[in-house]
Amino acid sequence: MSKMLGASVFQLVLLLCISPLISGIIKTLKARLQTRRGPGIFQPYRDLNKLLRKQMVIPETASWIFAAAPIMVFATSVLVGLLVPMITADAPLSLFGGVLAVIYLLGLGRFFLALGALDAGSSFGGLGSSREMTISALAEPAMMLAIFTVALSASSTNLSEVVRGAIGQSWRFLAPSQMLAFAALFIVLIAETGRIPVDNPATHLELTMIHEAMILEYSGPYLALIEWGAAVKQLILMTLLINIFYPFGLSLQWNAASLAIGCGSYLLKLVILAVLIVLVETTNAKMRLFRVPELLSVAFVLGALALISTFLF
Amino acid sequence: MYFYQDPQFGERMITLMAALVLVLQIAMVGQRWLVTNIRVFAAQSFLLACIANTIAYYNHAPHIYIAAALTLLVKVVFVPILMERLVAKIEIRQEIEPLINVPVSILIAGGLTMVGYVVAESFYHPKEGTSPATLGHNTLAVAISLFLIGFFMMINRRKALTQVLALLSLENGLFLAAISLTYGMPLIVELGVFFDLLVATMVLGILVYRIRETFDSMDVSQLRRLRG
Chain A
1 MSKMLGASVF QLVLLLCISP LISGIIKTLK ARLQTRRGPG IFQPYRDLNK LLRKQMVIPE
61 TASWIFAAAP IMVFATSVLV GLLVPMITAD APLSLFGGVL AVIYLLGLGR FFLALGALDA
121 GSSFGGLGSS REMTISALAE PAMMLAIFTV ALSASSTNLS EVVRGAIGQS WRFLAPSQML
181 AFAALFIVLI AETGRIPVDN PATHLELTMI HEAMILEYSG PYLALIEWGA AVKQLILMTL
241 LINIFYPFGL SLQWNAASLA IGCGSYLLKL VILAVLIVLV ETTNAKMRLF RVPELLSVAF
301 VLGALALIST FLF
Chain B
1 MYFYQDPQFG ERMITLMAAL VLVLQIAMVG QRWLVTNIRV FAAQSFLLAC IANTIAYYNH
61 APHIYIAAAL TLLVKVVFVP ILMERLVAKI EIRQEIEPLI NVPVSILIAG GLTMVGYVVA
121 ESFYHPKEGT SPATLGHNTL AVAISLFLIG FFMMINRRKA LTQVLALLSL ENGLFLAAIS
181 LTYGMPLIVE LGVFFDLLVA TMVLGILVYR IRETFDSMDV SQLRRLRG
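First to last, the sequence lines map onto chains A and B. So the first sequence is numbered by our numbering: it starts at 1 and just counts up by one. So the second sequence is numbered by our numbering: it starts at 1 and just counts up by one.
Derived from the structure by calculation, the hints contain no laboratory data. Where a beta carbon is used, it is the ideal one built from N, C-alpha and C, also for glycine. Heads up, some of the hints might be wrong.
To be verified - The calculated label-pair distances, taken between Cβ atoms and stated as ranges, are: (1) A:LEU276 to B:SER221: 30 to 36 Å; (2) B:HIS60 to A:GLY107: 27 to 33 Å; (3) B:ALA61 to A:THR283: 38 to 44 Å; (4) A:VAL9 to B:VAL119: 53 to 59 Å; (5) B:MET114 to A:ILE103: 50 to 56 Å; (6) A:ALA137 to B:HIS60: 19 to 25 Å; (7) B:TYR2 to A:PHE290: 50 to 56 Å; (8) A:SER122 to B:ALA200: 25 to 31 Å; (9) A:ILE103 to B:GLU95: 34 to 40 Å; (10) A:PRO141 to B:PHE9: 30 to 36 Å; (11) B:PHE151 to A:GLY121: 31 to 37 Å; (12) B:VAL104 to A:LEU276: 51 to 57 Å; (13) B:LEU191 to A:THR134: 50 to 56 Å.
As the list claims (entries may be wrong) - From the derived model, a few chain B residues whose C-beta atoms are all more than 10 Å from chain A: (14) HIS60; (15) LEU107; (16) ILE206; (17) GLU213.
To be verified - Some chain B residues flagged as far from chain A (calculated, every beta-carbon gap over 10 Å): (18) LEU82; (19) ARG85; (20) GLU91; (21) ALA177; (22) VAL199.
Could you build all of it, start to finish, from the sequences and the hints given here?
Structure (structure tokens):
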């Protein structure tokens, strides 16, 4: 029991500390690739620190939902973070839920964010919510199919079991089903974290923004909570991607040496994935909103093919 | 014995490349730009040549190397250059306008892949063990899917040039089926097929150019109109 508590606290701290860093790394790398100097990799920490100490402006029309939304976004993200194996194969709260809990807790957070955006009463909020919901409705089945592909070969939807199963088979990540599922989940990651072919995280142009449109009315600590929650969510999705498909170096025991190896390899894999995301973001132009379903239907078909090919190959 | 001499490893690589070929075929269905489409076709053919090489290596069938080299020469280098020149010459609009919109096309392509798998399943009778003879048996499913999706692309597209492209990717499926099932047809047959393909591409290229000259469009649905 105390071990579970310790593991939870450890992972919680890790989750909250690393997530802004990863956002910072992505931003800096992107700036460098565009031959700008860009902010330092610790800029998100400074932003969060500043936002947390600022005064809030709350719209007159807002009800309690406006205040509940940031807390729900943050809480669901953190809770999901404890369900996903990060540096040990055992997630602290893996007894309480598996893949389905992960997907739908994230869905709950998104639902509250959309409600909060509507509650603020500005037209941008409604616009952002409707776009976000459209995209997530299309991304969700693709994500389910991709994760079920992996869950199928472990015959469990519990993420710790899935990861343990994956460690056993050394060449498994070369199997076509795994590659297809990885590609599908990668597209979902891009869509869910609002990265460039789908959404531009650095824009406030009303024609194109999705995530930014929803949080336009938020300020101060609420904005900090949402931004932090979004960073944690991004970290969770990246963790899912690297640990399910490439579980190298995950520690299976609780001792200092294997934890250190786990930490090191986890960070290395995260940075590699971040570089991949940055490359995708710099080499692509943002899609028109009506083209986004095409991209997500590709993800869906890839996920479906992955699932079929586990039965046949 | 090195790890790459293990037939298991070869099997894995072939399966992986076959899956990538399939993904590229679906990418071709979803792709809107003509030039990108031609390049995706070139990449697909390159992977095909790699598969042929791998099969040749593990089955000690040197004549497949020649087929692979021909694939590389004709389908990866010659045909794409020819088609890109044609595109530049006739100055058509770059965008492909499929009859069915892209998301539905992609879903149909996914469905056709499933049909391909179901059909291939009936051909597959698991034999004793994993002797090198069973190498790449599961590429048959991919080959049939390539074939079906190629047919679908031909139906789905209006412009003559994109239909030629679809025909070529369909032929890729045939080639894949031939090398994965029989470990290569006799060399003379392969040579015949390649020259056939080359001539077909050139003739079709000229034909496309003429259609464009006569009708001011490559839309084949306009070919119904008679002109004296």
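Here's how the hints hold up against the structure:
1. The given range of 30 to 36 Å is broken by LEU276 of chain A and SER221 of chain B, whose C-beta atoms sit roughly 42 Å from each other.
2. Take HIS60 of chain B and GLY107 of chain A: their Cβ atoms lie about 54 Å apart, and the range 27 to 33 Å is violated.
3. In this structure the supplied range 38 to 44 Å holds for ALA61 of chain B paired with THR283 of chain A, their Cβ-Cβ distance being about 40 Å.
4. Here the CB-CB span from VAL9 of chain A to VAL119 of chain B is close to 55 Å, well matched to the stated 53 to 59 Å.
5. In this structure, MET114 of chain B and ILE103 of chain A break the distance hint of 50 to 56 Å, their C-beta atoms being roughly 24 Å apart.
6. In this structure, ALA137 of chain A and HIS60 of chain B break the distance hint of 19 to 25 Å, their C-beta atoms being roughly 53 Å apart.
7. Between TYR2 of chain B and PHE290 of chain A the C-beta distance comes to about 51 Å, which sits within the given range of 50 to 56 Å.
8. Between SER122 of chain A and ALA200 of chain B the beta carbon distance is about 60 Å. The supplied range of 25 to 31 Å is therefore violated.
9. At roughly 36 Å, the beta-carbon separation of ILE103 of chain A and GLU95 of chain B lies within the given 34 to 40 Å, and the hint holds.
10. Judged by the Cβ atoms, the range 30 to 36 Å given for PRO141 of chain A and PHE9 of chain B holds: they are separated by roughly 34 Å.
11. At roughly 53 Å, the beta carbons of PHE151 of chain B and GLY121 of chain A sit outside the given window of 31 to 37 Å.
12. Evaluation of the 51 to 57 Å hint for VAL104 of chain B and LEU276 of chain A yields a failure: the beta carbon distance comes to about 30 Å.
13. With their beta carbons about 53 Å apart, LEU191 of chain B and THR134 of chain A fall inside the hinted range of 50 to 56 Å.
14. At roughly 24 Å, the least C-beta separation between HIS60 of chain B and chain A is larger than 10 Å, which holds for a residue marked as non-interface.
15. Its beta-carbon lying about 6 Å from the closest one in chain A, LEU107 of chain B breaks the requirement of being farther than 10 Å from that chain.
16. Listed as a non-interface residue, ILE206 of chain B keeps its Cβ farther than 10 Å from every Cβ of chain A; the least gap is roughly 34 Å.
17. Interface exclusion of GLU213 of chain B from chain A stands, the closest Cβ pair being 33 Å apart, more than 10 Å.
18. For LEU82 of chain B, the shortest C-beta to C-beta distance to chain A comes to about 28 Å, beyond the 10 Å cut-off, and the non-interface label holds.
19. With a closest Cβ-Cβ approach of about 26 Å to chain A, ARG85 of chain B is found to remain outside the 10 Å limit, as its non-interface label requires.
20. With a least beta-carbon separation of about 24 Å from chain A, GLU91 of chain B lies farther than 10 Å from that chain, consistent with its non-interface assignment.
21. Under the 10 Å C-beta cut-off, the non-interface status given to ALA177 of chain B relative to chain A holds; the minimum distance is some 16 Å.
22. Distance check on VAL199 of chain B: its Cβ is at least 35 Å (rounded) from any Cβ of chain A, clearing the 10 Å threshold; non-interface status holds.
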